[in-house]
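Novice: Sequence:
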Amino acid sequence: IMNKMLFLGPTFTMEVPTDWFVMATPQYQALFTEPQEVDGFQANVAVAIRPVEEQVTATDVSESAKQTQAKEYPDYQVLEEKIFDQTSPAIKRTYVWTHPELGKVIKQTQYFHKDKKHLYTLTATRLAESANVDNVDLIIEQMLNTFRIRIV
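Numbering (my numbering), first residue to last: 1 to 152.
Hint data in this document are derived by calculation from the structure and do not stem from the laboratory.
There's no promise every hint is true.
[As the list claims (entries may be wrong)] In silico DSSO-like cross-links for lysine-lysine, where the CA-CA straight-line distance does not exceed 27 Å:
(1) Lys116 / Lys104
(2) Lys82 / Lys92
(3) Lys92 / Lys117
(4) Lys4 / Lys92
[As the list claims (entries may be wrong)] Between beta-carbon pairs, the in silico distance windows are:
(5) Asn132 / Val78: 21 to 27 Å
(6) Val56 / Gln27: 18 to 24 Å
(7) Arg148 / Thr59: 30 to 36 Å
(8) Ile151 / Glu53: 19 to 25 Å
(9) Val105 / Pro17: 22 to 28 Å
(10) Pro100 / Met5: 32 to 38 Å
(11) Pro10 / Glu63: 24 to 30 Å
(12) Glu53 / His99: 31 to 37 Å
Because the structure is a prediction, the values reported are computed rather than measured.
Note that the Cβ used here is the ideal one computed from N, Cα and C, for glycine as well.
Build out the structure end to end from the sequences listed, making use of the hints.
Specialist: Next up, the structure:
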């Protein structure tokens, strides 16, 4: 059984495993990393918050991200795409690509959420194939599903 805690971000909350490392970088408001390397890689979930114009939609941003990724990521392939029609529509996309330096297939799931003035991009990254892939998928899914924008 995984121990979880409620992570309180500047304008969001999310349930995260208590044994995952948490840090912030200039690029990400929060970066959660699994405690052990598996097959030379640590799965992680990054949360980026950017101010955007009110007319920009999560759909616009996700489409533009897809075009960039298709250009920059070798063997880029979208596996699944969903639109959630909530108060603010969110887009969830799962894709794979081959990491040139690692020579391994990377699987990423991105969530795009938008409130009035901010775009939230959650990016979960893991190896497409590894010893603990099922467990990592469950953890990542739980983290993404518990993400909530906080009204501050």
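Novice: State for each hint whether it applies.
Specialist: Cross-check of the supplied hints:
This hinted pair does not check out: Lys116 and Lys104 have alpha carbons roughly 38 Å apart, beyond 27 Å. Pair hint Lys82 plus Lys92 holds up; C-alpha atoms about 5 Å apart against a cutoff of 27 Å. A hinted pair counts as satisfied when its Cα atoms are at most 27 Å apart, and Lys92 with Lys117 qualifies at roughly 20 Å. As the CA atoms of Lys4 and Lys92 are separated by approximately 23 Å, the hinted pair is consistent with the 27 Å bound.
Take Asn132 and Val78: their Cβ atoms lie about 24 Å apart, and the range 21 to 27 Å holds. Between Val56 and Gln27, the C-beta spacing of about 19 Å keeps the proposed range 18 to 24 Å intact. A beta carbon spacing of about 20 Å between Arg148 and Thr59 contradicts the range 30 to 36 Å that was offered as a hint. Checked against the hint of 19 to 25 Å, the C-beta distance between Ile151 and Glu53 comes to roughly 20 Å, which is consistent with it.
The hint said 22 to 28 Å for the Cβ distance between Val105 and Pro17, and at roughly 24 Å that hint holds. The hinted range of 32 to 38 Å is satisfied by Pro100 and Met5, whose Cβ atoms lie roughly 36 Å apart. For the pair Pro10 and Glu63, the supplied restraint of 24 to 30 Å holds, since their beta-carbon distance comes to about 27 Å. A beta carbon spacing of about 33 Å between Glu53 and His99 agrees with the range 31 to 37 Å that was offered as a hint.
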